[in-house]
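**Q** Given next are the chains, with one letter for each unit.
2 protein chains.
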Amino acid sequence: MSSEQSASNTTVPTQFLQASNETYAYRRFGSGPGLPLLFLQHFTGTLDNWDPAVTDSIATGREVILFESAGLGRSTGKVPDTITGMAKHVFAFLDGLGLTSCDVLGFSLGGMIAQQMGQERPSIFRRMILVGTAPRGGEDIMHLDKPSLAKYLGDPKLQGYSVLQKIFFAPTESSQAAGAAFIERLSRRTQDREPASGPAVAQAQLAAFRDWEKFTGQRFADLKNIQHPILVVNGIHDEMIPVQNSYWLSASLPNAVLLTYPDSGHGSLFQFHESFTRQAAAFLVSDSKFAPY
Amino acid sequence: MSSEQSASNTTVPTQFLQASNETYAYRRFGSGPGLPLLFLQHFTGTLDNWDPAVTDSIATGREVILFESAGLGRSTGKVPDTITGMAKHVFAFLDGLGLTSCDVLGFSLGGMIAQQMGQERPSIFRRMILVGTAPRGGEDIMHLDKPSLAKYLGDPKLQGYSVLQKIFFAPTESSQAAGAAFIERLSRRTQDREPASGPAVAQAQLAAFRDWEKFTGQRFADLKNIQHPILVVNGIHDEMIPVQNSYWLSASLPNAVLLTYPDSGHGSLFQFHESFTRQAAAFLVSDSKFAPY
Chain V
-14 MSSEQSASNT TVPTQFLQAS NETYAYRRFG SGPGLPLLFL QHFTGTLDNW
36 DPAVTDSIAT GREVILFESA GLGRSTGKVP DTITGMAKHV FAFLDGLGLT
86 SCDVLGFSLG GMIAQQMGQE RPSIFRRMIL VGTAPRGGED IMHLDKPSLA
136 KYLGDPKLQG YSVLQKIFFA PTESSQAAGA AFIERLSRRT QDREPASGPA
186 VAQAQLAAFR DWEKFTGQRF ADLKNIQHPI LVVNGIHDEM IPVQNSYWLS
236 ASLPNAVLLT YPDSGHGSLF QFHESFTRQA AAFLVSDSKF APY
Chain H
-14 MSSEQSASNT TVPTQFLQAS NETYAYRRFG SGPGLPLLFL QHFTGTLDNW
36 DPAVTDSIAT GREVILFESA GLGRSTGKVP DTITGMAKHV FAFLDGLGLT
86 SCDVLGFSLG GMIAQQMGQE RPSIFRRMIL VGTAPRGGED IMHLDKPSLA
136 KYLGDPKLQG YSVLQKIFFA PTESSQAAGA AFIERLSRRT QDREPASGPA
186 VAQAQLAAFR DWEKFTGQRF ADLKNIQHPI LVVNGIHDEM IPVQNSYWLS
236 ASLPNAVLLT YPDSGHGSLF QFHESFTRQA AAFLVSDSKF APY
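Just so you know, the sequences run in chain order V and H. Position 65 (the first sequence) corresponds to 50 in my numbering; numbering is contiguous. Position 195 (the second sequence) corresponds to 180 in my numbering; numbering is contiguous.
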């Protein structure tokens, strides 16, 4: 347990844990009766990419643990080029912390890692929240070269967080305004920030997406083995990992509730953070064996 | 306003309202700060088909008004063979009550009528809950002759509510157990019951479904005109009106949240009544212009 406690991802100090052969950066804060909630991050995202409006609200009912995987930010090592390889780092980290069970919020890439971990060691998670993600064998996962994304990623006028506002939010006035507010919240942390990810991180993570799109045997059949209560969340206009992937998840996972948000893209949890954190807290506080909450 | 108040659809007396050229049976009970919630019923269902576990819980925060359309139960008149015709009866009833605005829960057939009303007179509804229903132009709406339904509907050993348990719930032990509990709850009302629907009701309503499957112009384009905050709900294994219809609704309605339930069919709101009523109450209590709650 950390001796340093803070209620916000804007101010909480980054900690470091040596486990297996790596040193992992992480942040841990909040308190309450719930199991700790592990946050697994999106493509190229670091600890600084977690919206305090989401983390801080959830941290009022339980500890939250934001994890920086190998090769990102100040964590040592190399970014694996498979989801399975990434899952190994999370296991090493949790084993190093001495946590035998927790809840998990996996966003995008992080949701794939959470599924892999739930398959390999079911007891590691009690309840899972999968946001803007896809099952193995899913489609159109992070194809950054498609026109709807490339027009922003290739725009030299857009730099840093401005790109996020475009690609995480829908092209409507209301969604872009929510995106601007999200960027402002991310920018509040001014000290003890993580280095941003470079091309090597992107390249390895994109290779993992391409591998995750492949499947053998009956498509999505392996999802029946993930029997945890699961909350699946997706923005209805997600261009990065389209909502069809969440339809497949909730139809093939035996115990999953699906929640979709209107007028939003990949960052729906940040756009509707008040709703999302209320729904997530209600889901996490339930001890039913059924997902509905 | 009724002078008779009761907290349960198991015991509340049926009332009658003369409006336009008909006498409509209805039940009205509950109280609280919310707008009244109008319940629009499913194929062949009468007032007695509303699960008290749903109505009574929702009635703790607002009045609920259960409506019996023309030609059903003790309401006079003839069942229309179009959704538009059915909407006219609801308008006549609400005008007769003097209600200029309310919330609505439209289940299955009732959800189609609610959409039609929201198109014709947007001010009639503040917020809408659409459960197990389909947009105009939807697919596979109540095709009772398909094998997955016909095997139960044509089984002479299944009579009355036993059929409902089979066709409203998924073929799993847990869902069928929830179905048995639902049937037991419906059976608690022993006095002042409505006559069950006969073949003429079914025939007219099925004609309305066939008409609702037709569309002109761009498919689902008219949904953009329904700008109310909407909560769309569907069981993931709904054989009567498959979940694809709710995917279309939530993708084409500009301001709709989708919630799907696992391990459940058409009657997901009854199977997971504790979750459904909690979600519905949270949605209805919101006064945001956005659907997320």
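Since the hints were made in silico from the structure, they are not lab data. Fair warning: this is a prediction, and the values are worked out from it, not measured in the lab. Hints may contain errors.
Treat identical chains as interchangeable: a pair holds within one or across any two.
Said to hold, decoys possible - Keeping only pairs whose Cα atoms sit at most 35 Å apart, straight-line, the calculated DSBU-like set for lysine-lysine is:
| # | residue 1 | residue 2 |
| --- | --- | --- |
| 1 | Lys73 | Lys142 |
| 2 | Lys131 | Lys209 |
| 3 | Lys142 | Lys274 |
| 4 | Lys136 | Lys274 |
| 5 | Lys63 | Lys274 |
| 6 | Lys199 | Lys63 |
**Q** State whether the alpha carbon distance between Lys131 and Lys209 is at most 35 Å within one copy, between copies, both, or neither.
**A** both (32 Å within a copy, 27 Å between copies)
**Q** Using 35 Å as the alpha-carbon threshold, which applies to Lys136 and Lys274: within, between, both, or neither?
**A** between (45 Å within a copy, 31 Å between copies)
**Q** Which holds for Lys73 with Lys142 at a C-alpha limit of 35 Å: within a copy, between copies, both or neither?
**A** So Lys73 and Lys142 fail the 35 Å test inside a copy (38 Å) and across (55 Å) alike.
**Q** Please work out whether the CA atoms of Lys199 and Lys63 approach to 35 Å or closer within one copy, between two copies, in both situations, or in neither?
**A** within (23 Å within a copy, 56 Å between copies)
**Q** State whether the alpha carbon distance between Lys63 and Lys274 is at most 35 Å within one copy, between copies, both, or neither.
**A** neither (38 Å within a copy, 46 Å between copies)
**Q** For Lys142 vs Lys274, is the C-alpha pair at or below 35 Å within one copy, between two copies, both, or neither?
**A** between (50 Å within a copy, 33 Å between copies)
Going through the hint list in order, the structure does not satisfy hints 1 and 5.
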